[in-house]
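**Student:** With the hints as a guide, bring both chains together as one complex.
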Amino acid sequence: MTIRLGGILFGLAITGVLLLWSLLPGALNFAFPTKPDYYAFQEKNIAPEGGFSFDGPLGKWDTQQLQRGYQVYKEVCSACHSLKFVAFRNLQEIGFTEPEVRAEAASWEVPGIDPKDGSAIKRPGIPTDQFPSPYANEVEARAFNNNALPPDLTLITKARKDGVHYVYSLMQGYNEPDPEDVAKSPDFETPPGLYFNEYFYNINIAMPPQLLDGIVTYSDGTEATTEQMAQDITAFLTWAGEPSLIKRKQTGWFVIGFLLFATFLGFMSYKTVWATKKPKKGSPDLV
Amino acid sequence: MSFAWANSYEPKTDLTKWLDEKLPVPRLVYNAIGAGYPVPRNLNYMWNFGVLAGFFLMFQIITGIILAMHYAANTDVAFGQIEHIMRNVNYGWLMKYAHANGASFFFMVIYLHIFRGFYYSSYKAPREMIWLLGVVIFLLMMATAFMGYVLPWGQMSFWGAKVITGLFGAIPFIGEPLQVWLVGGYAPNNSTLNRFFSLHFLMPFVILGAVILHIWALHIPGSSNPTGVEVKKESDTVPFHPYYTAKDGWFLGLVLSLFAFVVFFAPNALGHAENWIEANPLSTPALIVPEWYFYPFYAILRAFTGDLTIPFTGIVLIEAKLLGVIAMFGSILLWFFLPWLDKSPVRSGSYRPLFRIFFWIFVVDMAALFYLGGAKAEEPFIVMSQIATAWYFLHFLVILPIISQIEVPKALPFSITEAVLGKDEGSSKSATPSAPPAGAMPEPAE
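Protein sequence lines, in the order shown, are assigned to chains A and B.
The working numbering numbers the first residue of the first sequence as 83 and each following residue consecutively.
The working numbering numbers the first residue of the second sequence as 11 and each following residue consecutively.
Calculated directly from the structure, the hints in this document are not laboratory data.
Be aware that a few hints might be false.
Simulated crosslink set (DSS-like; lysine-lysine; CA at most 30 Å straight-line) [stated by the list, open to error]: (1) K353/A with K242/B; (2) K386/B with K266/A; (3) K386/B with K126/A; (4) K243/A with K386/B; (5) K433/B with K353/A; (6) K353/A with K22/B; (7) K172/B with K243/A; (8) K359/A with K22/B; (9) K359/A with K243/B; (10) K359/A with K242/B; (11) K433/B with K359/A; (12) K433/B with K360/A; (13) K243/B with K353/A; (14) K242/B with K360/A; (15) K359/A with K420/B; (16) K331/A with K166/A; (17) K386/B with K240/A.
Keep in mind that this is a model prediction, so the values were computed, not measured.
In isolation and in its complexed conformation, chain B is listed as follows (with noise of 0.2 Å):
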């Protein structure tokens, strides 16, 4: 796809010219970050974030590649090794530290990429299939989080992967089986090890791939912006090279210097403790909490302390583990129906009053969870998780499909050349210059 108005690649040396006819990659990359893909001039900040992330995937692929050469996939060494790589490896504490917190950036960035979703509304047409290629992005990394946490082969890897497997534990009647197929036994132990082992590394290239396929289905709409108004004319938009480069670039730079203090100065700050213990089945840590990136679902799932029964009889129709392995899958899940579930023609929350109180509410509501997820399992917490978790599914699930039907939205900008210079000649010709172009009111009521 392109706008009409795109630069079209014109090789310039020989060998460009010879390259162009055989094997187009530069055209390729000229269309697909570089000047030939134009982009909304009217971009704010919270658009970095998709580039930051492409960023720490490379990141975390370079970096997990030179650790695997230096480590070993067995319960009685991998503990071990890590402090091989930490003491005797050339800088391999550099190379453990920074794998382990561009984790934890990586998924900064990411949900900060999701919240942009969230805000703006960038799932809503002519954008879904970018949205759903995104969600799968989010499940295969937290897969693979999950798994790669358990190579260092400490305690909170240990009994993290036994509380995360034995979820599957909870499905009825094929559970158990299935718990016991997954892990290779009846819990963790060096077979589960080998093959996470094995799946971590598979699985970045996995995501690698969705990465292509999410970049792809963005270039056929283009990228949304700020205002929600789609392109129009050449006017709305810039190059991506070097407008966005350079943005994206000096960006990279800061959050970079934020990645190495953290790194350099607080590399643990963002871990748990426990799990410089090695690995022992035979001693439970007194709190089991995943890593932080985890805890809004781990608090979803943490929340469902009561059994579904009928009242009275004690008849237990839904055990509360099974509800909550419900709930936390379901609470991710349901993204996936975002595109249909919020209906308001409007995409941007700056022009939707009464979603963008909901929406603060709901970031405030996600707050908690962090929080809570990594609390202890006592009251006053149980019951905030409760509360917290019952919000997150009413927001999604009630208020946003209620709020796309009764809102007012506000006047839409002619077009993003308006909303960046304040005028654009093109709407002076029409009657109503603020009102909303078709398509963008409000459909009736159904």
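Isolated chain A (complex conformation) (with noise of 0.2 Å):
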């Protein structure tokens, strides 16, 4: 009885306390809200007609794709952003042969040391390095780039929310504002150095526009629109961010048909062994 009398007086302490002094005047301020409108950014990102090659439980890489957005990678996106988890002998993942990927990886200058005196410099690259960063430190970084640091894009595919499709649509994000949004929202306005792109979080982004129609020329022929690019780039930093992603699929597909059998021989022994125990129409006699 104590206990009762205890609990229901705790109980209407709190929600009193929580109904008076926390719901009340937050209910005053919803009712009146004071707060002003602004420019949303567009949360519904976009996909590529058809998809990706990788989506879906059966999905799979198009190495030909990724080989082109390695490409892309590396003409215009390595200026600024580092691949830092993924190393050069990866590479051969996405169907570059041995000495491809050691000819590669000697095409990167990384940082190394004098073999003779120790100290600090740059040599060639071997396979089993990692992808160099462009800037020595983020003081460098932000001192390039107008106080914006660039991120590394090993992990930008699954650190953004929808984060495929996010690339895909910053990448051909930078467009006019929509007249009408900017009306309904005074304080818009993008600052110099700034660049607008509709899927960034924040409106106004630091990097500029990157894929223009023709920046890089396909060895396979490929015609380098800003669309095909943003699609390569997006399919070869899904990659790099996961490249178990298509042997994860292909082993789920195996371990749940295996599951499924076990689960459906386990219920067939269930229904023997219970044959006795549960009562059924016309049975009476059960134990």
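**Tutor:** Set out below in structure tokens:
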């Protein structure tokens, strides 16, 4: 009885405090809002027509596309963005042969030490090196980029909500602001040094438009349109973020198939074991 | 304990005879989860989740030990170490995703297990101790899961740790020194990561110990059942093995298939994208929320937005943050008092018409708290979470005690056998066959 009385008193006290001191003032604010309207970013990302080759449970990498994406990263993105968790040797997974990987690695300069006097030098990469960062440190990165920090791209497709489509959308999001929305949000402006991009959470992004038509010349002859390059770089970064993606899905089919079969066998033995204990119509003599 | 008719263990081979004399572990297992444990024959599928929770505990311990072999608890390398596991360790990606989603599934089955307890009043005498130990296990699980989420050292790891350890700072007088002592500094740092790793490794074994006590306590009165009528005789029960091992077995297969689907095809669906960004103490995420399984309690914490003041004087009695902390801890600690708050002699919600209505309202309320805990801290979510929080406390502390006094329960079956077969020879001897047995009548109002 004491517990119940104590419980009722505590319950009424805590709900009373909540309703009178938190809910009431909050509800008044809610009824008479003072917050101004603002230019909202586009939360719904776009997807390429027909989707990506790696979409869905039966998805596969398109190695041609991954190699094109790698070319875009190398020739465009890598000027500012690192890819620190990926090693050159990983490029074999997207269809480069071992000698090609060796040559590719050697075309990058990575930090090293001089074997004679130990001073810091740049040397050609070898397959076991990770992709080098374009900047020595964060301070240098910000100094070169109007105080913005270009994020590492290894995990970018996982580190953003709906990240795969986000990257694809952002690459094509440098449009004109919607005049209607601008009229509704009087504080809206794009400050100098920033660029309007409706898919960026802050609307104005420090990165200038990058994938202009023809900025790379694909070695396989594909036409380098903005849309094509956006697709290719997205595919490459998806692979970089999760190289095991396709293996994971393929393993999944096998594991789920095995488990469902085991479940079926288990269910049949369950039915057999319980046959004499479950009441069934027409068999009143159960034990 | 056991019922008089329980099968008794008889070793058949020389080895088991020898073992039974020296250290009777096979006998222990036989009596605990084998043919020596008689279980009510009418359990429905809500009784499967205890075994599932035990399975996921062991699953988490095994995957966790493997991950610990490749992890390094140091703020400089922890995030990269996870990437090392994902990329370079053989099937490391599988271990990482299985462990992260295993925690989610562990909580899913625990929540269903707890709600089974709410509906069928599994906390009532003579099973109070099982319930109390269960609440202890739940609290240990929450602490373990929270510390585990800090280990990848992503943005949500860091900021979640900062918010939750910051709660201790709300305690008057000793709060700030206590927080600094717990964290090993003014903000989560290398010391924090190291101690969290140490404790995250230790606590599952503490949970395992508590689980053994939980099962021990269960075997004294035996399992409850959906009618809430106690076991009377042999025809009310079946041996755990093979009946419930078969039932749990196929159901485990079903749940594992669902689990495999999440692990292999949507491993990040239950997590936050933010945690794939390395922790940065200088960059606060736009929305700091814990993992989904903490949402209801996080919603209760955030519901308190106003200080408790003396009106028109501006004197603050209790700050909003402390109110939220009291309410959040209180919301779980009150479960300890549940056996004494709900005094209805009838256990099963199926025979309690008034309770049943409020139970389902509570389920909706809890679902709302689950949603609101992950929502942005803006209207209308704040007002909604305040209403849902108020209802949470009213349900346990005011509504349950009152309905247990005023409710008129439905007639209970004479026995489990009657509930299953529709007839029981024992009951025909009784003058009123369908009347509740002695001791199951509501006690007169005090």
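**Student:** Compare the structure with each hint and give your call.
**Tutor:** Now for the hints, and whether the structure bears them out:
1. K353/A with K242/B: Status holds; Cα separation ~26 Å.
2. K386/B with K266/A: Roughly 23 Å separates the two Cα atoms, so the pair holds.
3. K386/B with K126/A: OK: K386/B and K126/A at ~17 Å, within 30 Å.
4. K243/A with K386/B: holds (15 Å)
5. K433/B with K353/A: Measuring from Cα to Cα gives roughly 23 Å; hence the hint holds.
6. K353/A with K22/B: holds (29 Å)
7. K172/B with K243/A: holds (23 Å)
8. K359/A with K22/B: Since the Cα atoms of K359/A and K22/B sit roughly 28 Å apart, the hinted pair holds (cutoff 30 Å).
9. K359/A with K243/B: holds (15 Å)
10. K359/A with K242/B: It holds: about 17 Å lies between the C-alpha atoms, which stays within 30 Å.
11. K433/B with K359/A: Holds, at roughly 14 Å.
12. K433/B with K360/A: holds (14 Å)
13. K243/B with K353/A: holds (24 Å)
14. K242/B with K360/A: With Cα atoms ~19 Å apart, K242/B and K360/A stay inside 30 Å; holds.
15. K359/A with K420/B: holds (26 Å)
16. K331/A with K166/A: holds (25 Å)
17. K386/B with K240/A: holds (21 Å)
Consistency note: the structure conflicts with none of the earlier hints.
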